[in-house]
Each structure stands twice: as C-alpha cells, then as structure tokens.
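Residue numbers (the numbering used here), protein chains in the order written: chain A, 1 to 350; chain B, 1001 to 1248; chain C, 2001 to 2232.
Warning: the hint list may mix true and false statements.
Straight-line distance between alpha carbons at most 20 Å, and here's what the computed PhoX-like set of lysine-lysine pairs gives [as the list claims (entries may be wrong)]:
| # | chain 1 | residue 1 | chain 2 | residue 2 |
| --- | --- | --- | --- | --- |
| 1 | C | LYS2140 | A | LYS42 |
| 2 | B | LYS1189 | B | LYS1241 |
| 3 | C | LYS2147 | A | LYS42 |
| 4 | B | LYS1189 | B | LYS1202 |
Between beta-carbon pairs, the in silico distance windows are [unchecked claim]:
| # | chain 1 | residue 1 | chain 2 | residue 2 | range |
| --- | --- | --- | --- | --- | --- |
| 5 | C | ARG2056 | B | GLY1155 | 52 to 58 Å |
| 6 | C | LYS2147 | B | GLN1166 | 17 to 23 Å |
| 7 | A | GLY2 | B | THR1128 | 30 to 36 Å |
| 8 | A | GLY2 | C | ASP2089 | 20 to 26 Å |
| 9 | C | HIS2223 | B | MET1199 | 56 to 62 Å |
In short, the hints are calculated from the structure, not lab data.
Nothing here was measured: the structure is a model prediction, and the numbers come from that model.
We treat Cβ as the ideally placed atom computed from N, Cα and C, and that holds for glycine.
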Amino acid sequence: MGEKFLMKGNEALGEAAIIAGCEAYFGYPITPQNELTAYMSKRMLEEGRVFVQSESELAAVNMVFGAAGAGKRTMTSSSSPGVSLKQEGISYLAGARLPAVIVNVMRGGPGLGNISPAQGDYYQATRGGGNGDYRLIVFAPNSVQEMADDVIDAFYLADKYRMPSMVMADGMLGQMMEPVVFKEPKGNKGLPPKDWALTGAKGRPRNIVRSLMLGGTGLYEHNEVLRKIYAEVEANEIRYEELETADADVTLVAYGSASRACIGAVRHLRAAGKKVGLIRPRLVWPYPYKVLEKQAEKSKKFLVVEMNLGQMLDDVRIGVAGKAPVEFYGYAGGWIPTVKEVVDRVNQMF
Amino acid sequence: MKTVYKKPESMTSATTIYCPGCHHGIAHRLVAEVIDELGIADRTIGIAPVGCAALAYDYFNVDFSEAAHGRAPAVATGLKLTQPDKIVFTYQGDGDLASIGAAEILHLANRGFNITTIFINNAIYGMTGGQMAPTSLEGQKTATTPFGRDLKIHGNPMKVSEILTQTAGAAYIARGAVYDPKHVMETKKMVKKAFQNQMDGKGFSMVEILSTCPTNWGLSPLDAVEWLKDNMEPFYPLGVKKDIDQDQ
Amino acid sequence: MDKRIFIFSGYYGSGKTEVASNFALFLKKNHEHVALADMDVVNPYFRSRDKEILFRENGIKLIAPPSRVNSADLPVITASIGGMIDQDDYKVVLDMGGDDVGTIPLGSLRKRIQEKGRFEVFIIVNVNRPFTRDTDGIIKMAKLIEKMSELHPTAIISNTHMKELTDREMILRGAEYCSEASLRLNIPLAYITVPAFLDEPSFRESLESRFEGDVFPLELFYHTPWEEKSTP
Chain A
1 MGEKFLMKGN EALGEAAIIA GCEAYFGYPI TPQNELTAYM SKRMLEEGRV
51 FVQSESELAA VNMVFGAAGA GKRTMTSSSS PGVSLKQEGI SYLAGARLPA
101 VIVNVMRGGP GLGNISPAQG DYYQATRGGG NGDYRLIVFA PNSVQEMADD
151 VIDAFYLADK YRMPSMVMAD GMLGQMMEPV VFKEPKGNKG LPPKDWALTG
201 AKGRPRNIVR SLMLGGTGLY EHNEVLRKIY AEVEANEIRY EELETADADV
251 TLVAYGSASR ACIGAVRHLR AAGKKVGLIR PRLVWPYPYK VLEKQAEKSK
301 KFLVVEMNLG QMLDDVRIGV AGKAPVEFYG YAGGWIPTVK EVVDRVNQMF
Chain B
1001 MKTVYKKPES MTSATTIYCP GCHHGIAHRL VAEVIDELGI ADRTIGIAPV
1051 GCAALAYDYF NVDFSEAAHG RAPAVATGLK LTQPDKIVFT YQGDGDLASI
1101 GAAEILHLAN RGFNITTIFI NNAIYGMTGG QMAPTSLEGQ KTATTPFGRD
1151 LKIHGNPMKV SEILTQTAGA AYIARGAVYD PKHVMETKKM VKKAFQNQMD
1201 GKGFSMVEIL STCPTNWGLS PLDAVEWLKD NMEPFYPLGV KKDIDQDQ
Chain C
2001 MDKRIFIFSG YYGSGKTEVA SNFALFLKKN HEHVALADMD VVNPYFRSRD
2051 KEILFRENGI KLIAPPSRVN SADLPVITAS IGGMIDQDDY KVVLDMGGDD
2101 VGTIPLGSLR KRIQEKGRFE VFIIVNVNRP FTRDTDGIIK MAKLIEKMSE
2151 LHPTAIISNT HMKELTDREM ILRGAEYCSE ASLRLNIPLA YITVPAFLDE
2201 PSFRESLESR FEGDVFPLEL FYHTPWEEKS TP
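Chain A with its partners taken away, still in its complex shape:
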C-alpha cells in the first residue's frame, strides 16, 4: 500500500474490491464499465476468487444474491440500462437483508440512450428502483481516488448494516485516468458476525435467507426492522464536503463529475471576489438535509448542477425547505459542465 498507480476509474473500482476482500464478482458487458469486468476477469482469477461473466444482468445480481447469502463479500457492476435490469435482485437483497456492493457507471438514458456520461439514475439509486420500501447506501465519488476509497467503504457499511450499498459513478469517472493510492481496508473490526449465512446447518439450527414474509404481522415487523436500520444509517453515516461555504451568498450543490467543474468555478469566482461556495454530498443516501437547512440560514441562493434534468434538485429543496430560492443548471444526454459554463451561470445570480 501507499504506492501510487495511474488508473482508470473502472480499474480502480476493481482493484479496490479485491483489496476490500470481495470473494465473488459477477458481471455482464455494457459500455462504459467494460474495463471493470475485464480487470476482474484477470485479477479475480489471479487471486483464486470467483469470477463469472453471467448470461444477463438479472443472472449476475442473483448470483450476487447467492454469494451474499453464503456470507461472502460480493459485487456486481453495470451501467444504467443494466442496473435497471438488476433492480429485481437489489430489491430482494434489501428484503433479505444481504450485504452486497452494486456499481453503476452511469450513461445517458432513458432506454438505451447513449454511452456518454450522465447522472440520470439518481432517483433510481436513492429512491429504490425496485419494488417495496428499501434504501441503498449510495456513494457519489468525483475522482478515481474516491472511487477506490468508496468501494472499500461500501463493502464495510454493507456488512455493518446488513444491506446492499451502491457506488454511483458515471462514464467520465469510469473512463478517465488519475493517480490513486489504495487505502488499507478496515477489515472486519466492529462488524457483526454473519451467523445468518447459509454455510450448512452443522451444529446449529437451519438458516433461511428470504424476503418472503407471508402470514400474520411478519412483513410489518420486518419492515419495522428495516425502518430502524435506515434511521441508524441516517444518524451515523452522513458524509459531505464543504468548500468556501462559511460566507457564501450563492451555494452550489453538486456530486460526481458535475462537482468537478463546480470546484473550479468556486475557485475562479472567489478569485474574482464573489462569495460562492459548494456543498458536495459524498453519500447521496443518506442525504445531508440538515447541512443544507443550516446553509439556507446564511446563503441567499442555491444552484444545483447535475448531468440530468434535475433529480437531486428535489433533495436540495427538501433540505433548504423554502428558506432560499433553489435554481437548477443541467442537461441530460452526454453533457458535462465546464468551469466556464458554471461561472457564467452563477454570475447570472448576482
């Protein structure tokens, strides 16, 4: 560790999973995340771990369900249309309380869309794209380094709360190259034992992994357990970054690739004497509503920048709660903001 590599985001996701102790990876080809599957096809076999190129995204996520049921750290990855196909399995993972990591390297939609970077799956990731009341812990990295760090944390938090987690990147982050240093994983310190895993009922009563809760108040009680876990996650795991927010008249809110241009814009506007700051959620579920609420007490205006038609915008409005106007700047279908565009847009707000 400590050694610096130059890696594509997609490769960093893979190596981080290996470092985090991912014992089984299941993938299916789709651009722009193919380097991840290719990387795992080499490295997982080198490590003597499980790699399967499945027959479909459906099969991949259900193979993850099996490996997670065995108590193993496991991951699958795809890009937007493929992640849509995985929603069935993700809902089952959440219902059966199985930890697993799902990676979405987002591309343009709806439908087949195109292979350009986009952030159109924010609703799907944060609201639950599958059926039922459930949540995923959703990481929103904005660099190759954060992609690596987030995969390691995603495995840890999934195990800690017995729920699936997602690393939500986009095609630009997946394809671009940046230096990365892999951090030491936390190991299993502080994690609950996986005494529910299907390892054969030797010397113990049988274990059952299921989301089906027929009869009586079983499903109601199960959902109350989920409610309690999600409340715990919301209490413990809020992660965000602030840049120049203390005296900001205009506060930008952005995540992932879109936040890179916003960081440049804040620096440029500050140099020009304009009081502009940025709040960057590192996790988009749980969401830092209270941070926005507090910021709304001092900031006159908010600008949400997203590579979609306005999805996180809803969360910012919830956080700001009407205390300040919230404006939006974003397009869908292959657009990534440049520093100049964001600066021009912010200047309109003064």
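Starting from the known structure of chain A, arrange chains B and C on it as the hints suggest.
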C-alpha cells in the same frame, strides 16, 4: 416394535400446505430421504422457487435460500462457487424453470457447474391460479387457455429435459413420476444419482418429476393421476435422458 | 524516415491516442499528406475522433466513424482506412484500441499492411499502469499484442507519466524499464516522451545520453471537460 416408516431427519415437522393429491409432498420427501441417506444434511443448501414450493424451507431441515422467480440457478451459482464443498440444489416448478427462468437453467446446465436441480412439471402455474405454463399440453384448458391450448395461438409445449440433454455441461438428466410406489422408487434412484453426481463433481444434474395439480386441473386426486398417465406421460416420456456414466 | 504506416498499440491508458496524435502532427511538419485513423473499438471516450477540429486545422486527414454514431459504442472501422493504406503518398497513423483485444481490428488490414511494407508497430508503455509496472509486464504485453494482431512489434515508445504529477525521475524510471525490455525483445526503444511542462535542454541531454531513443516532446490534447482551457 420395529419402525418401518418415519419422517426423514431432513424434514421438519411442519404440515405442508399442499392440496390433497398434489405431488410436491412426495417429491419433498424423496429429496429429504436422499439427503439423509447420503449423510449430507449439515452441508446441504436448498433454493426455493417462486411457485407453490416457495415455502419449501418450512419443510426441509437444511439451510435454505429463496430466489426471485426463475433465478434459482443463478442464486445456486453464487452459493456453490463460493462454497464448493457444500451440496447445493434448486427446487423449481415449470413456470419458474421453463418460462421466466429458461435462460438461467440453460446456462447453468451448459456451464456444467456441480449443482442439482429438482424440476416439478405439473403443466400449469399452480400458485397464481392455474394459468398456462410452457409445459401445458395441446388442448389443455387453463385459466389463460379457456378453450384449450391452441398451438397456433399459444405456441408449443416445451420439453425442457430433452432440450437440456443437448448442453455440454449436463451430466445427468432424467424424468420420473411419483404416482405409484414403483415410480416413486425409480424416481428416488434418479434423485439420489443427481445428488451423488454433485458429490462426485460430475457436473449439472437434473431430475424432472411429472406431478399433478388436482386443484387447478379441476380433478379429484385419483382422476388427476389418470390424466397425468393418459396425457402427460405420452408427451413427456419417463426415463433417463442423459447420463455421462452410461453414454460414454 | 522512410516508414509509411505507424501502428500505435499498448495497454488501456498507456497514452496511445495522445502519442499518436502528437506523432501525426510531428509527421505533418515534413510531409504533405498525413492521415490519422481512429481504430479504437474498445474505449468509448478520449478518442482521436473527438479532436476533429485539431486535425482539420492542422491539415491532417482524420479517418473515424461518422459523427452520427460517435456516442455509440458500435465497433465501426471505416472502409477508407484500407484505401489510405494503399496510397503511397500518405503517411498513415493507426491509433489502436487498448490491450491485446484492441489490436484485433488490425487483423482485417494485416495482409495489406504487410504487402505494402515500410510499417512500424509501436508498443506504448507507461510503467505507472497496473499491468506494465516492470520489464516482465512490458514483455508479456508485447507478446500478447503480437499474438492477437499477428504483427511483430518493431519498437517501444516510453510514455511513463502520471498526468500533471509527472516528474523527471518517473520518466527516467520508465525509460529504464523500456530500455531493458527493448534489449530482451530485441527491438529498439524509439522514443521517450516528455510532456511540454518538463521539457528542457539539460533533461533532454541526460535522457538521450543514457538511452538509445530520442526525446519526443508531448503536447497534451485530451482532457476531462473540467480541465479544458475554456476557463473564463
């Protein structure tokens, strides 16, 4: 007094919710007897389907996972590859395996992973109220073929076992029935072979069991057996369809 | 330089497209007709086809799939590449996709290239990349590419960098590994790239005195949108 008949150790004492005359209960018992006889209960993991056997884990006294409709072979793949020393089996009906899960079972068989599948074919969707299955026969009346299955409108019934014999990875494919003691004994041998193959690392093994659904067929248990013999058996002939030990 | 066809191959992210683009501009200084063919069917982003204006302004013919499919990942190899290879007055730069897989499309042109002769198969190496961190890794890659493309690599280009964090020590280290690999593969180390911000006479001298290859200064054209110089 000598005990001549008792509940297998691998079954719980729960009473099944299967309808009178349904063959799921017999199929469950055969699997449990085989698990007992092979002494593998403490390392066996079953996967329940979506269908009438969705609650199979209530009746088997071994570790069990559910699976989304048709995905049992994928779940089994995840469980088996991460724990090659465990015995993993799926228990699936015809809607689950032959329709929505056709891709998963075909690819599992073709990969030839060491997994055992018990396939219950009763030519109908039992759980959801007797709709047409891929295995429903020509002329068969179901909730969605009220005038009988018309091949021109509804397409052809599917012979899954015969199809799977064509996969390179299938080690053993057999079709049995459990409507009388003779067939119960023959089918048990098939089930045992399908589990033994997994223990010996021979590859994918599947036993299809022709079964009744008196409720959705609208027949008495005895009439259902006659209907199975007269209609299903001619179209789905019993016997071993592929056995790499014999075919070599 | 009497070579006519220049094939740039190497692992994902070794810098093929950046080096090939610079190389096409370098050729243009002394030759009227230069073409650059985007043969990348593997990588959907950071492709030479995205720099259409750069090449047009410099009088370099860009051969790339039609723009109507430029945000698809259709593996399009335009037929005009073959025609270009047959035109003896053209210098042709072939920018391949990454890894051994990325060189598969060469197969369809291999015979024509071999018949024409006077071609160069460059292996681009960045030792900061995961699978080419040492001499063994470089040799393994060269052999894989040869196996897949059925074309024998003819020279190595040392392109070790860490984007804006590149330093001179890193370039030296990369050149050392490439030099060792070139001896073991029995092919020359043709060039050592140096980004414009590190290029100075004394460093050039020290590189060229130590290594067989020439220094090849590199202007960086491919950026993420937020790195583009379009800042206000």
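- Could you check the hint for me, namely that ARG2056(C) and GLY1155(B) are 52 to 58 Å apart, CB to CB? holds, 56 Å
- Query: Regarding the pair LYS2140(C) and LYS42(A), is the alpha-carbon distance no greater than 20 Å?
  - Reply: Within the cut-off at roughly 14 Å; holds.
- Message: Hint check: LYS1189(B) vs LYS1241(B), CA-CA at most 20 Å. Holds or violated?
- Response: holds, 14 Å
- Lying within 20 to 26 Å: is that true of the beta-carbon distance GLY2(A) to ASP2089(C)? violated, 53 Å
- Task: Verify the proposed pairing of LYS1189(B) with LYS1202(B), using a straight-line Cα cut of 20 Å.
- Result: holds, 17 Å
- Message: A range of 56 to 62 Å was offered for this pair. Does it hold for the Cβ distance of HIS2223(C) and MET1199(B)?
- Response: 58 Å Cβ-Cβ, so the 56 to 62 Å window holds.
- Look at the Cβ atoms of LYS2147(C) and GLN1166(B) and judge whether their distance stays inside 17 to 23 Å. For LYS2147(C) and GLN1166(B) the Cβ distance comes to about 33 Å; the hint is violated.
- CB-CB spacing for THR1128(B) and GLY2(A) relative to the 30 to 36 Å hint: For GLY2(A) and THR1128(B) the Cβ distance comes to about 58 Å; the hint is violated.
- Task: Could you grab the alpha-carbon distance between LYS2147(C) and LYS42(A) and see if it respects the 20 Å cut-off?
- Result: holds, 18 Å
Going through the hint list in order, the structure does not satisfy hints 6, 7, 8.
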